[in-house]
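Trainee: One letter stands for each residue in the lines below.
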Amino acid sequence: MSGRTLVDDVPPRGENDPQRVNDDAAPLVGAADPTRGTIPSGTRPTSAGARARRYLGLPAVLALVCVAVGVYVAVADLDDVESRLLTFDRIIDATLVHLQLVGISTLVVIALAVPLGILVTRPAATRLTPVVVTLGNIGQTIPSLGVIVLFAILFAPGFRGAVVALVVYAFLPILRNTIVGLQQVDPFVIESARGMGMSSGTILRTMELPLAVPVILAGVRTAAVINVGTATIGAFTNAGGLGGIIYGGIVQSRPPVIVVGSILTGVLALLLDHVLGVVEEVLRPKGL
Amino acid sequence: MSDLIALEQLTKHYPGQEKPAVDAIDLAIPEGEIVILVGPSGCGKTTTLKMINRIIEPSSGIIRLQGEDVTRADPDDLRRRIGYVIQQVGLFPHHTIGRNIAAVPRLLGWSRQRIDDRLDELFHLVGMDPAIYRDRYPKELSGGQRQRIGVARALAADPPVMLMDEPFGALDPISRERLQNEFLRLQGQIGKTIVFVTHDIDEAIKMGDRIAILREGSTIAQYDTPETVLAAPADDFVKEFIGSGASLKGLGLARVSEVSLADWPTSVISEGREAARRELDSSDHGWVLLLDEHRRPVRWAEARALQGEGSLDRVGLEVRAKVEPTATLVGALESMLGSRVGVVVIVDGSGAFLGTVDMRVIMSAVESMRAAAHKRVLDDRQRMRAGQEPVASDIGVP
Chain A
0 MSGRTLVDDV PPRGENDPQR VNDDAAPLVG AADPTRGTIP SGTRPTSAGA
50 RARRYLGLPA VLALVCVAVG VYVAVADLDD VESRLLTFDR IIDATLVHLQ
100 LVGISTLVVI ALAVPLGILV TRPAATRLTP VVVTLGNIGQ TIPSLGVIVL
150 FAILFAPGFR GAVVALVVYA FLPILRNTIV GLQQVDPFVI ESARGMGMSS
200 GTILRTMELP LAVPVILAGV RTAAVINVGT ATIGAFTNAG GLGGIIYGGI
250 VQSRPPVIVV GSILTGVLAL LLDHVLGVVE EVLRPKGL
Chain B
0 MSDLIALEQL TKHYPGQEKP AVDAIDLAIP EGEIVILVGP SGCGKTTTLK
50 MINRIIEPSS GIIRLQGEDV TRADPDDLRR RIGYVIQQVG LFPHHTIGRN
100 IAAVPRLLGW SRQRIDDRLD ELFHLVGMDP AIYRDRYPKE LSGGQRQRIG
150 VARALAADPP VMLMDEPFGA LDPISRERLQ NEFLRLQGQI GKTIVFVTHD
200 IDEAIKMGDR IAILREGSTI AQYDTPETVL AAPADDFVKE FIGSGASLKG
250 LGLARVSEVS LADWPTSVIS EGREAARREL DSSDHGWVLL LDEHRRPVRW
300 AEARALQGEG SLDRVGLEVR AKVEPTATLV GALESMLGSR VGVVVIVDGS
350 GAFLGTVDMR VIMSAVESMR AAAHKRVLDD RQRMRAGQEP VASDIGVP
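Top line first, the protein sequences correspond to chains A and B.
Numbers 0 to 287, taken from numbering that gives the first Met the number 0, label the letters of the first sequence in order.
Numbers 0 to 397, taken from numbering that gives the first Met the number 0, label the letters of the second sequence in order.
Be a bit skeptical, because a hint or two may be false.
Which bits of chain B does chain A cover? Going by a derived footprint, with three or more residues having C-beta under 8 Å, they are [what the hints assert, rightly or not]:
| id | stretch |
| --- | --- |
| 1 | 81-88 |
| 2 | 92-99 |
| 3 | 102-111 |
| 4 | 325-337 |
Bear in mind the hints are in silico, worked out from the structure with no lab data behind them.
The C-beta atom is built at its ideal place from N, Cα and C for all residues, glycine as well.
Using the sequences and the hints given, assemble the complete structure.
Mentor: Given below as structure tokens:
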């Protein structure tokens, strides 16, 4: 079974545009991401000024949004419940916990899914590929709320349970992109490397992985951005994070609280997408 | 002259396939020669080649390199002693051209200085400027340049043997011709032992010191110098393979006026039945061609149609397959295939009979075209081998 069928829109070989590999991330990040679409991938900014604009433009906009939210919280006429829910300490704490949820779960997924993806693409194990991908699919097809609650029951509710649930939920994008990324490496590159007497370990290290990096990183980016959204549901199992603020607003029927929590979640998702987009560009091997 | 590579009873049997892809081939490859494996697609020539450096592991049999049995040796060590060039080149897209060429020397742990010196030498050898190309990436090169780099990369550690799998197969005809010539010139300097796979008999004749013509299962139909293969094909398979491809193209170019026409029994209608019958009886053909008083072909008549009495205007068959000498042989062949008699009648501008073209005429035309073409290729080859100065346009990079 070819991995090509696993992903709906793998770029044709030769015009790698990893940002397109997983467009299922698009609804979460919207169209505001300047690295998406407007800049042809593979081209590098020529002048320092252009690079700075491109790398710093979106963060600057997001910073303005945060400042506006902060001013609103400080100045707006909030009632007792609202001002209790929206203190700066609570907001900053919730944001940090949220980042931890996303960061830890994504790192754990990378540590698990990338080696697994490498393993199942080795010639001896190609028959395992569909099995492993199906297992990964199961993790992602169960509704996220279900996954979170299930793992809160299985593990302790709270932070750790939510991290485990996010790991399960984000597993597939990274696994799938690792498999596809390795499979899309030109087989003739590998054949000529073998013909030169490179060992399979050397070929994996110096050929396959570097050439798969753009696609793998696109999977990481997708998974991280999905997790920013999914982590808000962790509030239902008392995991904390920005979901806690939104949930508090819902329970107390305080729309301003819900809006502030949602805006900050959106800002976080966009920022993370942008940062990982820059990472992708920096780590993409030259010559591709 | 010793054999650098010897294949002994080498066999590849893919699981689940009834017949082996390569069936017990024995092949000795002399040092310093270009040996071409040529044959129709699916004959196992590429599998045979790839078993030599064990990209494909043989099912049984022995591979000897410089007398040493390498069938069970460490494949990576073996491959570092053998240059490998494939049609798709397989340059490493994320490495610079210089680093691509230096791949094997780096694996072998050469010093930086030694690698740098070797790089300059190799760039020069394949006619590219290191100052321009060394730090570029493969995607910036044309197909011909990529294949030059592929050859340079295979030569980098100066291996005694090169394996080349249709190296020029993906190029346009002009680059292909140019690279073939360059490569022959290069071989004049480096004198490697080369095993070269192609499906193109013209390329085989041009490039090979020896040609192994393979049929299904990589069975050797003939293994000899190009001259011998052309002059004395071992069997019908070889004969057919040598002639394949170009013949029809040649027929489309040659005119009827360029071949010698076959004669045919004719009789003028006004001379009557008796004359026509006599003409037919004295020939070994089954039909007589009836002409009108201006010697224009009118009817085809068999012996049966000539019996009895009366005018010959309506007997036999109408002559439909008629062409003028300016027609191509393909045109003549087409008309011939539509004719019941199996010949096409050639007429001049006024419609008068000149002669006929039948299958024998077409075949002898094909034969002479073939001989001429092979002579041209052989001449080319000898010119290349003689180390004549390259034509100026050959040096430049397209």
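Trainee: Now tell me, hint by hint, if it's right for this structure.
Mentor: Structure-based check of each hint:
no.	hint	verdict
1	81-88	holds (count 5)
2	92-99	holds (count 4)
3	102-111	holds (count 3)
4	325-337	violated (count 0)
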